[in-house]
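Residue numbers (this note's numbering), protein chains in the order written: chain A, 1 to 469; chain B, 1 to 482.
Simulated from the structure, these hints should not be mistaken for lab results.
Owing to the predicted nature of the structure, the values given are computational and were not obtained by experimental measurement.
It is possible that some hints are incorrect.
[Said to hold, decoys possible] Derived contacts from chain B toward chain A, CB cut-off under 8 Å, selection only:
(1) Gly4
(2) Ile69
(3) Ile73
(4) Ile76
(5) Ser78
(6) Asp147
(7) Lys166
(8) Leu173
(9) Ile174
(10) Ile392
[Unchecked claim] Calculated cross-link-like contacts (lysine-lysine; reagent style DSS-like; alpha-carbon spacing at most 30 Å):
(11) Lys37/B to Lys395/A
(12) Lys369/B to Lys481/B
(13) Lys35/B to Lys427/A
(14) Lys424/A to Lys443/B
(15) Lys203/B to Lys427/A
(16) Lys427/A to Lys14/B
(17) Lys428/A to Lys35/B
(18) Lys443/B to Lys427/A
(19) Lys424/A to Lys35/B
(20) Lys369/B to Lys427/A
(21) Lys37/B to Lys428/A
(22) Lys424/A to Lys203/B
(23) Lys117/B to Lys35/B
(24) Lys37/B to Lys424/A
(25) Lys166/B to Lys424/A
(26) Lys166/B to Lys117/B
(27) Lys37/B to Lys166/B
(28) Lys428/A to Lys369/B
The C-beta atom is built at its ideal place from N, Cα and C for all residues, glycine as well.
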Amino acid sequence: MGNTMAINTINNISYILLILVAMIFAFSVSFSLIRNKRAKFLQLAVLLALLAAASGWLFLANANAVLLNLFHIYSFSLLFTCLFSILFILILVLSYDSEADYFYTIIGIIATGAMIVPMAGSLITLFLALEITSVATSFAIMTKNKVHLEAAMKMFILSAVSISIFSFAMVLVFPYSPQLALAGLASNSAVAGNYLIELGIALFIAALGFEAAAFPFNLWIPDVYQGARANLTAMVSGINKKIGFVAMMLVLFIVFAQYAWFFSGIIAMLSLATMFFGNLVAMAQQNVKRMLAYSSISQAGYIMIGIAAASGLGLEASIFQIIAHAFMIIGAFAFVFWLESQYGMNTISDYDGLTQRNMFAGIGLSIIMLSLIGIPPLLGFYGKFLLFSSALGAKMAALAFLGIINSFISVYYYGRLMVAMHRKTNKKHILISRNTAIVAGVCIFVIVGIGLYPEFLMQAASIAARALL
Amino acid sequence: MIAGAYALVQEIAKESIAISLAAPAIALLLIAVVKEKFSRAVGVASTGIVLAVSLFLLAYLYAGHSIAISTSIPFISSLNINFEMGINPISFALFMMSSIVLFATSFAGNVHRTRQKATQFLIVLFQLASAGLFLSLNLFIFFIFWDIGVIAMFFFINSLGSESRKSAAMKFLIYEILASSMLLFGILMIYFYTPVHSFSISKIIANSGLIPIGEQAVIFASLFIAFIINMPVFPFHLWLPDAHTEAPTQGSMLLSGILTKFGGFGVILLFEMLPISRMFGNYIAALAVVSAFYSVLVLMRQDDIKRIIAYSTITEMAIVLFGISEFSNFGLYGSVYAMLSHGLLIAMLFLGAGSIEVIFNTRNIHILKGIVKNAGLVAYSMLAGIFIMLGIPLSSAFIADLLIFIGAVSAFGLAGLAPLLALLLVGAFLYLVISRSFMSTGKYTRAVGSIGADQRLAFCVLLFFIFLFGAFPFIMLGVFKI
Numbered sequence: 001m002g003n004t005m006a007i008n009t010i011n012n013i014s015y016i017l018l019i020l021v022a023m024i025f026a027f028s029v030s031f032s033l034i035r036n037k038r039a040k041f042l043q044l045a046v047l048l049a050l051l052a053a054a055s056g057w058l059f060l061a062n063a064n065a066v067l068l069n070l071f072h073i074y075s076f077s078l079l080f081t082c083l084f085s086i087l088f089i090l091i092l093v094l095s096y097d098s099e100a101d102y103f104y105t106i107i108g109i110i111a112t113g114a115m116i117v118p119m120a121g122s123l124i125t126l127f128l129a130l131e132i133t134s135v136a137t138s139f140a141i142m143t144k145n146k147v148h149l150e151a152a153m154k155m156f157i158l159s160a161v162s163i164s165i166f167s168f169a170m171v172l173v174f175p176y177s178p179q180l181a182l183a184g185l186a187s188n189s190a191v192a193g194n195y196l197i198e199l200g201i202a203l204f205i206a207a208l209g210f211e212a213a214a215f216p217f218n219l220w221i222p223d224v225y226q227g228a229r230a231n232l233t234a235m236v237s238g239i240n241k242k243i244g245f246v247a248m249m250l251v252l253f254i255v256f257a258q259y260a261w262f263f264s265g266i267i268a269m270l271s272l273a274t275m276f277f278g279n280l281v282a283m284a285q286q287n288v289k290r291m292l293a294y295s296s297i298s299q300a301g302y303i304m305i306g307i308a309a310a311s312g313l314g315l316e317a318s319i320f321q322i323i324a325h326a327f328m329i330i331g332a333f334a335f336v337f338w339l340e341s342q343y344g345m346n347t348i349s350d351y352d353g354l355t356q357r358n359m360f361a362g363i364g365l366s367i368i369m370l371s372l373i374g375i376p377p378l379l380g381f382y383g384k385f386l387l388f389s390s391a392l393g394a395k396m397a398a399l400a401f402l403g404i405i406n407s408f409i410s411v412y413y414y415g416r417l418m419v420a421m422h423r424k425t426n427k428k429h430i431l432i433s434r435n436t437a438i439v440a441g442v443c444i445f446v447i448v449g450i451g452l453y454p455e456f457l458m459q460a461a462s463i464a465a466r467a468l469l
Numbered sequence: 001m002i003a004g005a006y007a008l009v010q011e012i013a014k015e016s017i018a019i020s021l022a023a024p025a026i027a028l029l030l031i032a033v034v035k036e037k038f039s040r041a042v043g044v045a046s047t048g049i050v051l052a053v054s055l056f057l058l059a060y061l062y063a064g065h066s067i068a069i070s071t072s073i074p075f076i077s078s079l080n081i082n083f084e085m086g087i088n089p090i091s092f093a094l095f096m097m098s099s100i101v102l103f104a105t106s107f108a109g110n111v112h113r114t115r116q117k118a119t120q121f122l123i124v125l126f127q128l129a130s131a132g133l134f135l136s137l138n139l140f141i142f143f144i145f146w147d148i149g150v151i152a153m154f155f156f157i158n159s160l161g162s163e164s165r166k167s168a169a170m171k172f173l174i175y176e177i178l179a180s181s182m183l184l185f186g187i188l189m190i191y192f193y194t195p196v197h198s199f200s201i202s203k204i205i206a207n208s209g210l211i212p213i214g215e216q217a218v219i220f221a222s223l224f225i226a227f228i229i230n231m232p233v234f235p236f237h238l239w240l241p242d243a244h245t246e247a248p249t250q251g252s253m254l255l256s257g258i259l260t261k262f263g264g265f266g267v268i269l270l271f272e273m274l275p276i277s278r279m280f281g282n283y284i285a286a287l288a289v290v291s292a293f294y295s296v297l298v299l300m301r302q303d304d305i306k307r308i309i310a311y312s313t314i315t316e317m318a319i320v321l322f323g324i325s326e327f328s329n330f331g332l333y334g335s336v337y338a339m340l341s342h343g344l345l346i347a348m349l350f351l352g353a354g355s356i357e358v359i360f361n362t363r364n365i366h367i368l369k370g371i372v373k374n375a376g377l378v379a380y381s382m383l384a385g386i387f388i389m390l391g392i393p394l395s396s397a398f399i400a401d402l403l404i405f406i407g408a409v410s411a412f413g414l415a416g417l418a419p420l421l422a423l424l425l426v427g428a429f430l431y432l433v434i435s436r437s438f439m440s441t442g443k444y445t446r447a448v449g450s451i452g453a454d455q456r457l458a459f460c461v462l463l464f465f466i467f468l469f470g471a472f473p474f475i476m477l478g479v480f481k482i
């Protein structure tokens, strides 16, 4: 009896998350009235920190609450809310010195959308949250000066295409449950298996593939990554793309859980194509940002291996790799952001002798590259280990093998950067700003720390995965 | 009193694994924070402690104590992965060798005396990897330490290597990551296709018969490729000579001395684990013979001392593979003995090559003339090394060759003696090199540098252990219990 009451209390407390998200939205809109940049930064950062703490605590308390069929707060969403809040704080710290005042308004709106995606309880919520995020992101890229207009335009148009495909897919499943609640759709669409549903699945995959940068919907990625300022590139790759995966998991594993046999094959093929495309094209790149853009496409392919496996272990692996890749890519772009904006370093040959010019940048970036290759005992290795395990566990040995081959191919371009960074040079010393050092330091700490003791994050990912299935 | 001492000995033996992992781990952190000039002391202390532990263990095991020292700590309990470490005769022999080579490398390997901190950091990182790898009883832990060792070696070449190291570093990384990718695929296959779902080597050995034959063949292929890339065996040997040419002396010593033994140790494990490997015994022996002769023929066209020694590594490792493929106790323990002997020997030869480069500023055998006059100790050590490579009695290589070829004759008949011819060719060519460049009289290359007392001491230490294991083979054979 007391136990039930405790659970109810926790579930009621969990609505506080929605209040916090609403506060982020309200504050960020009101930012247009405030002049003090420091105050805006602190308000947003404190709210995000509160959100991270609250969702972390609720995750440990195993909360599970549904609000009006629009929001569903449970382990899966709590883990991602916690993750995204931390990542947004990192992005805010990284951007503090270089961004204009209105940046905080936009980032607050993006954060609102990003927090709602994992909490979505219906397709409507999901749709709105995705749209808020992607439109606001293109505005964020566009502001400051006109150089970035092309990148913003590409992002805007492609997210518009993605949204329209998403709404068409929604129309196809609408007859099965007019409320469009995820859980309701699941029970209704399972009974009536027909081609409309299968077309709907394919369209959902296409729409969310745009967000998650799956082949062949990934052509916007390199241009946007290269065109945007690197702090925003960090955000797009570390948060926006991950939102696409979260949405994909929600739609596939809640709404179409009965159709795992159908989407598993599609996702496996897409995953292979994405990996090969990303890795092979990345090998030819000279520009570091473009190289990282293609590498993050290939990482998206790895993440999809877990979704294709469609098992508890597979989801755990995907969630783990989403978290791992977010920290790795934000750490990498933190360095790239600073080196590009202050020293104009773009190509791999500009990175010659980085270790000699700045020890922290050289060694830090090397650790991140090693983690991206998947060298144990770093965070990236455990993600790949779980992903390939899940593919083998689902009797997809060929997928696992080709994934491992891709992981091997990627050593070429990551290795090339590492080789360049450790060459001798007589160029001047480089200074790294405090903010960049903090962000990169946190990311490297996470990469090495969780790498040495991965059990904790694996447990969390496993709890979230089981909550979703 | 005596009982107290005995209890202490027991206690040290029990904690030996923990000490040999904790010492480098602590030393890593220390080297990261101390000043450049103290880093060497920390590195030598770390490798020295582990050498002391391994010598203690040698005495302990030779005294007839039980060898069952093992620990198991849960690492990732959700996947049933434990941090299992233990000592068995084979892993002990390699551990012993690695601790001697690492000790010599840490105090003498840096012949140029530049970038001490980076050197010691990488040596200690490599020490952690090799101790962990040789003592692991779990394939997952084995894989983790394997990759740490590979990355440490990559940075040896990439950060401390010569000016034109770019492509060699890249080649090394690509080959070695291909090996570790195949290794990862193989161990994952084993995990999912053995009914017990475990990475623990003992459990895999007990259950591997239940893996379907087709899957066994796939696992065997991927693991075997991984290990022979690392050993290296023809046709996957191309990275080794380049890596050696560009690597610093300390890197070369560890690369040929210890890193190539990872692969040899892996092949032994693989043959123990998978029953199917017996089917391929003859083919593997043939591959080993091809590799041995191929490397000898290429060796004869080289004029860089380091490249010559590098190709001789391929010959020696081919003979190790040949020994393992006999599937007999003679072959197995002979191969382990060969790896023990070759690790010590090759570290000494690379130290010699590095010293020659420092003293004469060249490694080309056509330029070097009569170096015995200006660098006597180095020249005589190299000469001794060549005789040891040929397997003269009283050297550890003699015992190794004896065991391997006794086994070979019983396994393959007289044809089993073929690789001896390769060994003979290496010896003949190296004799030519020595007589033309090292010992020639009349013209003398001028010395432009000098080596320190630490390098001289390292030559002595390595030669001492080579002859210790050669003159008193019963010490190690007692540990093997054969």
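Violations among the numbered hints: Going through the list in order, the structure violates hints 1, 2, 3, 10, 11, 12, 14, 15, 16, 18, 20, 22, 28 and respects the others.
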